[in-house]
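What follows is each chain in one-letter form.
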Amino acid sequence: MNRISAVIRMQLRKKLLVFAMPWLILGSSFVVNLLIAMTSPMPDGEGFYTGGIASIFVYLLIQGIITPIQTFPFTLGLGIHRSDYYWGTALATTYILFLFSLGLFLLSIIEGTWTDHWGVDLHFFDLPYWSDGSLLNRWWNPFALLLNQFWLGFMISSFFKRFGKTGMLIATIASIVIGTLGLYIVSYQNWWPSIGEWFSNRTMAEITLWTLPVTFVFAALSKLFVRRTTL
Amino acid sequence: MTPIIEAKNLTKQYGDVVTVDRVNFKVEENKIYGLLGRNGAGKTTIMHMLTAQQFVSSGEIRVFGELPFENNNVLERICFIKESQKYPDNFTVRDVLDTAADVYRNWDRAYALSLVEKFELPLKRQVKKLSRGMLSAVGIIIGLASRAPLTIFDEPYLGLDAVARQMFYDSLLADYAEYPRTVLLSTHLIDEVSNLLEHVLLIDGGKLLIDEEAEALRGRVYTVSGPKAAVEVFASGRKVLDSQSLGGMIQMTIENGHSDELGQDEAEALGLSVTPVSLQQLCVSYMKRHTVSNKEGK
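For the record, the sequence lines run as chains Y and F. Residue numbers for the first sequence follow our numbering, beginning at 1 and rising by one. Residue numbers for the second sequence follow our numbering, beginning at 232 and rising by one.
Derived by calculation from the structure, the hints in this document are not laboratory data. Quick caveat: nothing in here was measured; it's all calculated off a predicted structure. Every residue gets a Cβ at the ideal spot worked out from N, C-alpha and C, and that includes glycine. Treat the hints with caution; some may be incorrect.
As the list claims (entries may be wrong) - Examples of chain F residues toward chain Y, derived with CB under 8 Å:
hint: 1; residue: E301
hint: 2; residue: L306
hint: 3; residue: K313
Unchecked claim - Taking lysine-lysine and the PhoX-like style, the derived pairs with C-alpha atoms no more than 20 Å apart in a straight line are:
hint: 4; chain 1: F; residue 1: K317; chain 2: Y; residue 2: K14
hint: 5; chain 1: Y; residue 1: K161; chain 2: F; residue 2: K317
hint: 6; chain 1: F; residue 1: K359; chain 2: Y; residue 2: K15
hint: 7; chain 1: Y; residue 1: K14; chain 2: F; residue 2: K355
hint: 8; chain 1: F; residue 1: K317; chain 2: F; residue 2: K355
hint: 9; chain 1: F; residue 1: K355; chain 2: Y; residue 2: K15
Work out the full structure, taking the sequences as your base and the hints as a guide.
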C-alpha cells in the first residue's frame, strides 16, 4: 500500500480526537456566550459580539505543535520515510481544515441568515469585517487562517526536533531581538500610520490571502526541518 | 548476488566520540544474524544508520544494494523493531497494528491476531497504558507479522519474562522456517538465542570483533583446566583469550587457529579437562581481551 496514504489513514485514525475535540471546545465557548446573551441581553441594537471563535485557531496552533511530537517518531520507526510522513500529514490536515472551514462557513450562515443571530443578537460566527463581502469569504478566511496556525505550530515543533533546546533558545532570542528592532524602526520612521492605513484599506479576505505566502514559508521550512531530523 | 546489507568502513562519530569505528561486514539473504555486544557498543547506532534514522559520518552502508536515506525501495523492505519505539499517546494496540498493516506489504493480519492472543495483549488498551513487557510484545508482533525481507530486532524483549521470551524465539523460528527472510537480532541475552543464530557479529567499543558463522564458532573456543604447569605447557603457542587461576589450578580459555586444529583432543590426551564454551562465554572472553588490549594500547 502507498505509504502516503498509510500516513493519511494514521493521522485520521482517532476520529473523535481529530474531528470532535476542537468543536467541543468551540462549542462550549459558544454555549457559554449564548447563555450570557440569553440571560443578560444587551440594550436594543447593540448586539452581543464575542471573539470565542478564536479558540479553534489556537487549537490548531497547538495541534501543529503536537503533531510531529506524537506521530513523527512512530512513523519513522515503522520505516516510513520523512517526505511521505510530511506529505501524508499535510494532505490529512488540509482535508481536516477544509471540513472545519466548511463548518464555520455553515455556522456563520445559520447564525447570520437563518436564525437571526439565534434570536438574541449573538455574533459568534458571523462577525463584522470577518464575514464581510462575498459569502465565499466565510469559508476562505477561516480556511487560510487555520492552515496558517497549523503550519506555524508544525514549523516551531519540527524546528525544535531538528535543533533541540539550544537551537530553540537561540531562535527565540533572535526573533525577540529582530521583532524589537523591527518595532523600533517602524516607530522611529513613523511608519505606523501608513501601516494602519494599509490594513484598513484591505478587506479580511485580502489579508488572509496575504497569509498564504507566509503559510507557504512555514510549510516549506517544516519540510526542511523534518528532512534532517533524526531520533 | 548482492548482499542484503553491506557496510564499508562504516563510522559514526559525535564530536570526538567515535561510537562506530570503520566497521565492515556483509549480511546475506535468508539467515538469522546475531548482532552482539555490550550496551553502548554501537549496535543500536549501526541499526539506526541502516534504517536511515541516523546519518552516517563516514564510510557507507548499503541495504539491498542501495543507500537507505529517503529511499522507499529500501525502507519498504525493512521492519525495524527497537526497544525505544515511540507510539502516539492516544493509540490503542489495535490502532498501532492497523497502521502497521497499512505500512508493511507482507503483513499477515491473521497471524498478527494469533500472536496478540498468544502474548495476551489487550487490543483496546492505549499503548501508553501498557506494561513494559506488553509494550515489547507489541513490537515483537509487528516484527513477526510484517514478514519484511529484512527484519531487525533491537533488544525487543525488555520487561518480558522467560516464558514470553521463549515464546518469541519459538515464534520467530517457526515463522522463519515457513517464510524465510533475513533477520538481524541484537541482544545481550546471548545464551538464550545461541541456538537461533546462524551468523554472529560481535561489536565492542565500536569495532567489529567477530564476523563468523555460528557453527564455525562453536568448536573453536574451549576452556582447559588442570594443574598450572601442565596447562601452561599446553597453552604455549596457542591463543589464550582468558585465564583464571585458583591455588595451583588454572583455567584458560583457548581459541583454535582457523585451520582445523583440534586442540581439544590434544588437551584431553594430556589428561587436562576440557569444557566447551558457550557462545556467551566466548563473546565475553573476546570482549575482555579487547578491553585489555585497548587499555594497553593507550
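Right, here's what the structure says about each hint:
1. For E301 of chain F, the interface hint holds, the least distance from its beta-carbon to any beta-carbon of chain Y being 5 Å, beneath 8 Å.
2. Taken as an interface hint, L306 of chain F checks out: its beta carbon lies about 4 Å from the nearest beta carbon of chain Y, inside 8 Å.
3. For the restraint placing K313 of chain F at the interface with chain Y, the shortest Cβ-Cβ distance is roughly 7 Å, inside the 8 Å limit, so the hint holds.
4. Between the alpha carbons of K317 of chain F and K14 of chain Y the distance comes to roughly 17 Å, so the proposed pair stays at or under 20 Å and holds.
5. Distance restraint check for K161 of chain Y and K317 of chain F: the Cα-Cα separation of roughly 14 Å lies within the 20 Å cut-off, and the hinted pair is therefore satisfied.
6. Distance hint between K359 of chain F and K15 of chain Y is fulfilled; the C-alpha atoms sit about 19 Å from each other, no more than 20 Å.
7. For the given pair, K14 of chain Y sits about 13 Å from K355 of chain F by alpha-carbon distance, which is consistent with the 20 Å threshold.
8. A distance of roughly 18 Å separates the Cα atoms of K317 of chain F and K355 of chain F; the hinted pair therefore holds under the 20 Å criterion.
9. Using a Cα cut-off of 20 Å, the hinted pair K355 of chain F and K15 of chain Y holds, with the two alpha carbons roughly 15 Å apart.
Violation of the numbered hints given earlier is absent; every hint is satisfied by the structure.
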